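Trainee: Fit chain R to the supplied structure of chain Y, relying on the hints for placement.
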Amino acid sequence: NAGVTQTPKFRVLKTGQSMTLLCAQDMNHEYMYWYRQDPGMGLRLIHYSVGEGTTAKGEVPDGYNVSRLKKQNFLLGLESAAPSQTSVYFCASTPGGWDSNNEQFFGPGTRLTVL
Amino acid sequence: AQTVTQSQPEMSVQEAETVTLSCTYDTSESDYYLFWYKQPPSRQMILVIRQEAYKQQNATENRFSVNFQKAAKSFSLKISDSQLGDAAMYFCAYRPPTYSGGGADGLTFGKGTHLIIQP
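Chains Y and R, in that order, give the protein sequences.
Heads up, the first sequence is in our numbering, so the first residue is 1 and it goes up one at a time.
Heads up, the second sequence is in our numbering, so the first residue is 1 and it goes up one at a time.
Bound conformation, chain Y alone (with noise of 0.2 Å):
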């Protein structure tokens, strides 16, 4: 049991490149999230999704986007990048549903470098 998984761990970009980074969970979990954390500011929601084919935005979606085409596996996308978008990104999921006291279990966490 995996658990939650991310591509890749590192990644270095120019600005104006793409990427998209994966999330892949093994646990059937319905919920899953995109976070990032910057320096001296905790983590913040990018974007999450409530079900496969489902997503919606967080509190900082812009210049992202997501898909959740199978349940296990979640994409965020960066289409063109920015240095401002440099940060450490994780994933994370919980099974959902009515019972909130459901624990997040996060991912590794990418660090992302955008020159």
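Among these hints, one or two may not hold up.
As the list claims (entries may be wrong) - Computed Cβ-Cβ distance ranges for the label pairs, DEER-style: (1) E10/R / G51/Y: 39 to 45 Å; (2) E17/R / S67/Y: 29 to 35 Å; (3) Q17/Y / Q69/R: 46 to 52 Å; (4) D81/R / P83/Y: 42 to 48 Å; (5) F10/Y / F64/R: 30 to 36 Å; (6) D26/Y / Q83/R: 29 to 35 Å; (7) Q17/Y / N62/R: 45 to 51 Å; (8) Q14/R / K71/Y: 44 to 50 Å.
By construction, these hints were calculated from the structure, which means they are not laboratory data.
This one's a predicted model, so the numbers in the text were calculated from it and none came from an experiment.
Glycine included, C-beta positions come from ideal geometry on N, C-alpha and C.
Mentor: Same frame as chain Y, but now just chain R:
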């Protein structure tokens, strides 16, 4: 929108002593969930303890306990018998109730407290 405030950017404690990390939050809801997460240098986010707002009893997990003051909107974390492995960033997080879409909305995090353990 909910806000979570951690007023201590950094705390230092001697090994084996007790330390308390502060967290306050703002919400208009009466039922919600609060969490403390630990982030060691490995960057992995690890759940330390959780509290349901409708429960008056403070949550406890081994050496970790909380002081939940609902009226004051305060949720502090006490670490007893501090160990070197407790050194990490600690984040307080809020989750709204299910009936308002909570859980689906993700967590709102504070900015974190860097805990240093002095040997």
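Trainee: Which earlier hints can't be squared with this structure?
Mentor: Violated: hint 2 alone.
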